Structure formats: C-alpha cells, structure tokens
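**Student:** Add chain B to chain A, keeping to what the hints say.
Protein sequence lines, in the order shown, are assigned to chains A and B.
So for the first sequence, this note's numbering puts the first residue at 381; every next one is plus one.
So for the second sequence, this note's numbering puts the first residue at 391; every next one is plus one.
Hints were generated in silico from the structure; no laboratory data involved.
It cannot be assumed that every hint is accurate.
Residues on chain B that point at chain A, a partial pick, calculated with CB under 8 Å [claimed, not checked]:
1. R449
2. H450
3. P454
4. Q489
5. R499
6. D501
7. T502
8. V504
9. H511
10. I512
11. S533
12. G534
13. H536
14. N537
15. T539
16. V540
Keep in mind it's a predicted model, so treat the numbers as computed, not measured.
We treat Cβ as the ideally placed atom computed from N, Cα and C, and that holds for glycine.
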Amino acid sequence: MTDAAAVQAAPLPDDAADWQRLHPATLALAIVKLGPRSFQFLPAVAALGFTGNWGYIVPAILAFLLISLVAAWFQWLRFRFRVGDDEVVIESGVLARQHRTIPFDRIQDVSIEQGLVARALGIARVGFETGAGGKENDASLDAIGLDAAQALRTTIRAHRSGEAAAPAAADTPDAAPASDDRLLFAMTPRQLLVAGLFNFSLAALAVVGAAMQFFDDLLPFDFNVFNPHDWIDLAGQYGLDQWVIAHRWIAGVGAGISLLFIGFASGIATMMFANWDFRLTREPRTLRRTRGLTTRTDVAVPVKRVQAAILITGWFRQRFGWHELRLQSLASDGEKERDHQVVPFARLDAIDPVLAEVAIARPDAATAWQQSHRIIALGGLVGALGATTGGLVAVAFGQALGWFGPAIGALIAAASLFGVRFHRWTDLGEQVAIRRGFWKPKLTLLPHASVQSVDLKTDFIQRPLGLATLVFGVPGGSSLATHEIPAIPLATAHDLRARILAARARA
Amino acid sequence: MTDTPAAHPTDPFDPEAVNAAEGLDPVDPAYAKVLRVATALNLIPLAIGASLFDWLLIRHIEGPYGLITALAWLIAIVMIISFPARRVQRWGYRIGDGQLRVARGWLFRTDTIVPFVRVQHIDVGQGPVERAFGLSHLIVHTSGTHNSTVTLPGLPADLAAAMRETIRRHIQTDFA
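Bound conformation, chain A alone (with noise of 0.2 Å):
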C-alpha cells in the first residue's frame, strides 16, 4: 500500500512541468474551418438586408469572426494535455471542464490525419482508437506537429510491444517491431491509373451535369457539354455549321466523347486524391494504411479487432480480376465510411495474402453454394408494381411523364428477378461466406467467432414456404448493412444457427 501512494505521490510534483498545449497553429485551422461555418451567419446578414439596415452589415460580419476567432483562442488556452509513462491525459473545455485519462494498455492504436493546410504548416490530427463504441468515445488531438505525432505513436508502440514482450526484452523495443513491420500492399501510380478508369463515375458526371445547368449563365464561356446545340454553334464558328447539320451524329458524338471523359477523368481523380502512395504494413498488432495526397491519413487497424472482411466488385471489372478489400472493425474507417478499405483495387493473389494475416480464408473455386430462395424478389417487384401504379394514375391525369413509371417499374421487376440469383451463402466451418448482387457483388466472410447474437425471423410471406432469414449481430459495421442469409429453408437455418453459436469468442 505504502508502495502504491508512492508511486501515486511521485507524478504529481511535475504535474505542472509536462502539460503540453495544441500547436498554435490550430488558430489557423480554427480560421480555416470558420468558412463552411459562416453560412450560418448568412440568415442574419439576409435579415439584416432586408430590414434595410445594410449600415450593420459589415460591423455584424466583423463582430462574427472577432467572436469566432476569440472562442477559438479561449478553446485553445483551456485544452491541454500530458503524456505520462502508461497514459494520456487530456482537459479540455472553456466553461465545463471534462478531464480523460487514457491508459497506454487501452489504445488500440494511433492514427494520424493531415489535410492540406496541416500539411502546410506541418501538424497532424492525432487519433487514439480506444475502441470504445461510439465516435465521440475516441479522443483527439486537433493539432500537433507532425514529429510530435509520429513520437507519440512510437511511445505508445513501445509501451504496447514491451509489455507484450517480456518485460526483460523492454529496452530494446525499437529492434523488434522494426523487424515485424512488412509491407502487404502498395499502389503505384500505374496500378491507380487503372483502378481510376475502373471507377468511371456516372455519379460525378450527374452532379458536373446538373451543375453546367444550374451554373449556365454564370460561366464565362456559353458553352455547355451536354447540348448538341452548343457543338453546332462550335462548328459554325470554324466554318464547319452546314456539315455538322447535314451530320448530326457528329453532334451527338461529341457530347458523348465529353461525357466519357468526363466520367474516366471524375474517375481517376477521386482514385488519385484517396489513394495516392497507399501502403499497407503489417506492424505487430495492426494493419497501418498509409495514404492520400491532400489529405494523408494513417490509420491502424488492430488485426484482433477484424470481424469480418469484405470482399467488393464490378460487374464488369470482375472479368478482370478486380476486387477491393474492405475489413470490420470495432472502429469505423474516417467519417464517412464505417468499414476499413484495406486494399482498394487488386487481384485475388494480392488479397490473399492480407486476408491470411487476419486469419480469413476465401472459399476456393470448388465450393458448393447454396441459394436463397426466388421470393427475395418479391420487394423489388412490390416496388415496381408500386413505380408502376404511380406512373399509370399519372398518365390517367394527362401527364405523359407518367409512362416513366411502369419502364422503370419493369427495369427494377427484371432487376430484381434477375438479382435473386446471386443471392449465395455457403458455411466454410468456422466462418460463413455470403455472396449478392450482380451489378456490385459483394462476398461478406464472416467468421463464425464474431458473431455475437443471431436473429431468425420469419414473417406471413415467409412461413407459409417453411422459410426463415438469419440476421447475424457483428460488431462494428454500418447498422444499415447488417450481414443476414435471406429466405432459406427453416431447417438449414436453426441447424445454422446451432452451429455458429456454438464458435468460441476470437482470440
């Protein structure tokens, strides 16, 4: 007990001594981030303007931003942090205070971000994965420079190996988690160009679409892409307007030939920006993915925090031999993405080997699959019975817009139908491997291990064909896409449920 005070006793005379605050820089950022935040002011300046006192206009928007950049400094004198022997500490907060603790032994693992303007001035956001549920669980470092990020991460690499090690081996941890680290996968930029053009985007060329009309009067140029007109009035300004409408076809082409490039170009770039110099090594208790060429981000994924792996195609990139790597972890992957893309666009023989260290297997060609049952179709065809009622009283109405109902009514009937087909599961002993879709298919590896509650649920449809659909409870994961075996026979699936229930946690 006396050993203990002693030691609790002992930190606190450098209390004082090892607070460290925020690069001053986050000033900057706070600058930076005010831009998308001044459309909140917009409804005032508008009131403002309307009321008829423009006088106040610009004292009001000068009087924002002096409070704006106060709160920002007052936030960054009130936020400071220490790292101790075996953990962080951070407090923060103007008025309420909050006071963390985050032990060493609780970090999974360190991710660091840089956007573009902390690339300029060289500081990084520092992440710790704690995997605690719940974004807001996880505590940051808004901004530190770089060195002090990447030695942060070190300590607390050390500390996590050492105490892995035997304690004996602790002086030298630096040697071995050197030797540990290799490299799984990399992206040149050859092999990103032609993951780019696979990632012809039809999504980006809606929105460039929809901004050349929006944005028709605005441009500095009276031309838009989209309208043959346009290319007819190009024509005639070289002469060539009598040709061009004796062959209209030449018109269309090259809107067509825009809108591909367009497409292939949207593509490529998003490719680029995301995955400029990806890396993936293997450290010794994490996948860390290296990437990006604004904003570079380091992340880790603990390997024995793995649920659940994802394997994403094309249907058309397929037949070539592509696929994506997307990995379920108790953490979510940045803002936007909740699974973890571990390998963006490769060849199986290049998956393989990354899904050998999260100890995955993929079902080899000589597995037997089984299917779920046709009456999966049946909400696509409820909905295109649906599509196609709505476009009929349309019509009844006099509207001839109304005939888009039943075509896309019976575009989503085929598709459904279509689909059902490659709705596939099969049961590999120790995980289970679920396949659909055919315009995106998916195959979902889901070891037996990670699961942690199983649903059978039957409804009025089902029943009468002696039906069930499993719904697996996996940790982390989007609650939207949970992983579930839809429509098979109600033998196979509590002989399936036994089954799975029976797998011991994962190590």
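**Tutor:** Coordinates of chain B only, in the frame set by chain A:
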C-alpha cells in the same frame, strides 16, 4: 393474415401453441395490462387531437363533422382492448444452455439468441407502470451493431433479477 395456417404445424391464432411448438416460455400475462396502459397513454392523446381537429376545422368547413372523431375513438378503443393481450401472447423466451432466447411478433416474427458469453452488460429496468404490476424488463447488451440491445419485457421482478444473476455468473466464469 393472408397466409394459409395449414402450412405451419400450429394454428397461428392460438398463441399458446406458437410458444409451445418452439419450446419457449410465455411472459407474465400481467404484461398485457402494462401494454394496455402504455397503448392508452399513446393513443388517447392522439384521439383527443383528432377530435379537436374535427371540432375546430371540419365543423367550420361544413365537412362530415363527427366522422373523424368517431373513427379515432373506435380505433383507439379497439387497439387498447384487444391488441395488447394478443401481442403479449406472442412474446416468448427461454433461458438455458448458456444462452438467452427471445422471440416476439407473429406477422413479422423475430427469434433472437444471445449466448451468455457474448453479453457485455445487463440492465433490469422497471417503469412506473411496470412497477404498479410488479413487473420488470431485462435488457441484454451485446457488442454487435445489429441487436446491440435485446429487450425482454414482462418478467416478474424477482425472476428478472434471478435471470440477471444467472447471466452474470456465466459472464464471470467465461473470463475466469
């Protein structure tokens, strides 16, 4: 209910048979009273709102005054009197073999199994209405995103506490 009852070994309108066929225990019948009070607390304000709407608007635009009021109260009374008993009979649970099984619903029936070793923590809760009837509900938390909480209502308070102790012992032995 458009399905044919013959396809299932039990009569869908005989809820006792449903639980028995699946080897489940029924929840306490007193839970029907809890559900009835909860349904009443939900529906009566809605019915009052509908009546006010009828009185303030439909009467003034010379619409069919009284129709909405009558319908709202009729639906509310039917739902308060007849539905809770039926809903209660479709809840079933089974505790044993190192796992908790909770089944609910008929039209959309969900039968959930949570192994005790996967339980993160357990709550036993009691609302004011439940307290009046001596009931509790058991909430089991798992680390899964789907089914992160599994709720079993309508348990006598002492049984809920006993179930909590059973599950707690299993969690401890797993980590020992």
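**Student:** Now, for every hint given, state plainly whether the structure supports it.
**Tutor:** Hint check:
1. Because the closest C-beta pair between B/R449 and chain A is about 31 Å apart, greater than 8 Å, the hint is violated.
2. For B/H450, the interface hint is violated, since its Cβ never comes within 8 Å of a Cβ in chain A; the closest pair sits about 30 Å apart.
3. A cut of 8 Å between beta carbons decides the hint on B/P454: the least distance to chain A is about 25 Å, and the hint is violated.
4. Below 8 Å, beta-carbon pairs count as interface contacts, and B/Q489 has one with chain A at about 7 Å; its hint therefore holds.
5. A least Cβ separation of about 5 Å between B/R499 and chain A falls short of the 8 Å threshold, and the interface hint therefore holds.
6. Proximity of B/D501 to chain A holds as hinted, the smallest CB-CB distance being about 4 Å (cut-off 8 Å).
7. The criterion of a C-beta within 8 Å of any C-beta in chain A is met by B/T502, whose closest approach is roughly 5 Å, and the hint holds.
8. The beta carbon of B/V504 is positioned within 8 Å of a beta carbon in chain A (closest approach about 4 Å), and the interface hint is therefore held.
9. Given hint, B/H511 at the interface with chain A, is violated; its Cβ is 12 Å from that chain's nearest Cβ, farther than 8 Å.
10. The closest approach between the C-beta of B/I512 and any C-beta of chain A is roughly 14 Å, which is over the 8 Å cut-off, so the hint fails.
11. The criterion of a C-beta within 8 Å of any C-beta in chain A is met by B/S533, whose closest approach is roughly 4 Å, and the hint holds.
12. Taking 8 Å as the C-beta cut-off, the interface hint given for B/G534 holds, the closest approach to chain A being about 3 Å.
13. At a threshold of 8 Å, the smallest CB-CB gap from B/H536 to chain A is about 4 Å, leaving the interface hint in force.
14. The closest approach between the C-beta of B/N537 and any C-beta of chain A is roughly 4 Å, which is under the 8 Å cut-off, so the hint is satisfied.
15. Checking B/T539 against chain A: minimum C-beta separation of about 10 Å lies over 8 Å; hint violated.
16. Because the beta carbon of B/V540 sits about 7 Å from the nearest beta carbon in chain A, less than 8 Å, this interface hint is met.
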